[in-house]
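Asks: Construct the entire structure; sequences and hints are all you get.
Just so it is clear: in the sequence shown, position 195 is 226 by the working numbering, and no numbers are missing.
Each hint should be verified, as a subset may be incorrect.
[Claimed, not checked] Each pair of labels, with its calculated beta carbon distance range:
id: 1; residue 1: Asn299; residue 2: Asp47; range: 24 to 32 Å
id: 2; residue 1: Glu137; residue 2: Glu285; range: 48 to 56 Å
id: 3; residue 1: Lys166; residue 2: Thr86; range: 43 to 51 Å
id: 4; residue 1: Met87; residue 2: Ala48; range: 16 to 24 Å
id: 5; residue 1: Tyr76; residue 2: Lys235; range: 25 to 33 Å
Derived by calculation from the structure, the hints in this document are not laboratory data. From the three backbone atoms N, C-alpha and C, an ideal C-beta is built for every residue, glycine too.
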Amino acid sequence: MTIFECYQQTKKLLKDAGIVDSSFEARQIIRYITKLSNNEIITHYADSLDMIKETMWKSVVTQRLNHYPLQYILGEWSFYGLNFYVGEGCLIPRADTETLVDTAFEFMKKNEKARVLDLCAGSGCIGITIANRFKESTVTLVEKYDVPYSYCEKNIHKNSSETLSLVKADVFDYIPDGKYDLIVSNPPYINAKDMENLSEEVLKEPDSALYGGEDGLDFYRVILRRYPEYVNDGGMIALEIGYDQKDSVISLMEQAGLKDIGTAKDINGIHRVVYGTMINV
32 MTIFECYQQT
42 KKLLKDAGIV
52 DSSFEARQII
62 RYITKLSNNE
72 IITHYADSLD
82 MIKETMWKSV
92 VTQRLNHYPL
102 QYILGEWSFY
112 GLNFYVGEGC
122 LIPRADTETL
132 VDTAFEFMKK
142 NEKARVLDLC
152 AGSGCIGITI
162 ANRFKESTVT
172 LVEKYDVPYS
182 YCEKNIHKNS
192 SETLSLVKAD
202 VFDYIPDGKY
212 DLIVSNPPYI
222 NAKDMENLSE
232 EVLKEPDSAL
242 YGGEDGLDFY
252 RVILRRYPEY
262 VNDGGMIALE
272 IGYDQKDSVI
282 SLMEQAGLKD
292 IGTAKDINGI
302 HRVVYGTMIN
312 V
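Replies: In structure tokens, the structure reads:
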């Protein structure tokens, strides 16, 4: 089977299985098994797969047809132009979360040496991306669970983020060292009802990174009750939210005494981030 035939067959199998972006995923799978770039694949379309690669292809396609996440198969995923290791037990970085990074960037343009705290860090994609852009910032990532913590460690080394520190702790208990100019978090926020309707792919991701309590707001309550005291005057808290949580999180920010509260929409026009400023009167 040639690389072109492999690509065509992969695309058809994925499309028939209801996988939406079958062309994109087929290219990613071909890149993974051949170790070729997109341009190299085009120039090697007529090359035949050897037996090892064809066996590998069959295994990968079978996993994907069983709705095993493509990101876990590949072992890494791109986020804001950087590559991050991911695997079972670690939340997959998503384009929606880039909205939170955009919000952080806008704040940090005025304070490039900011102290930043990333709560529920997971793979570390948020804090690492911030540190990578703003080299003079100081970023602390907080993650409780062993598996994402280990991925976070590897991603810090992968992306040469020298100004980062990683703390193994639960945000419910963690006491920061001093105050910060910016606190960011993509906490678990899916409620009990929505947990019952997740796709097969999402169900392969860890519940601990998804479930935010009966109404999905448990982590917001904790973060917005405890962490304003660790924000410098004029500093900001920015949180990723679920599709229907804007009003609830705004209300929690108001109760926490934050000012200049605003929201940012993701690429689909959904309110994805709520942010507020700490103003000490």
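Asks: I'd like to know which numbered hints this structure contradicts. Please list them from smallest to largest.
Replies: Checked against the structure, the only hint that fails is number 2, while the rest are satisfied.
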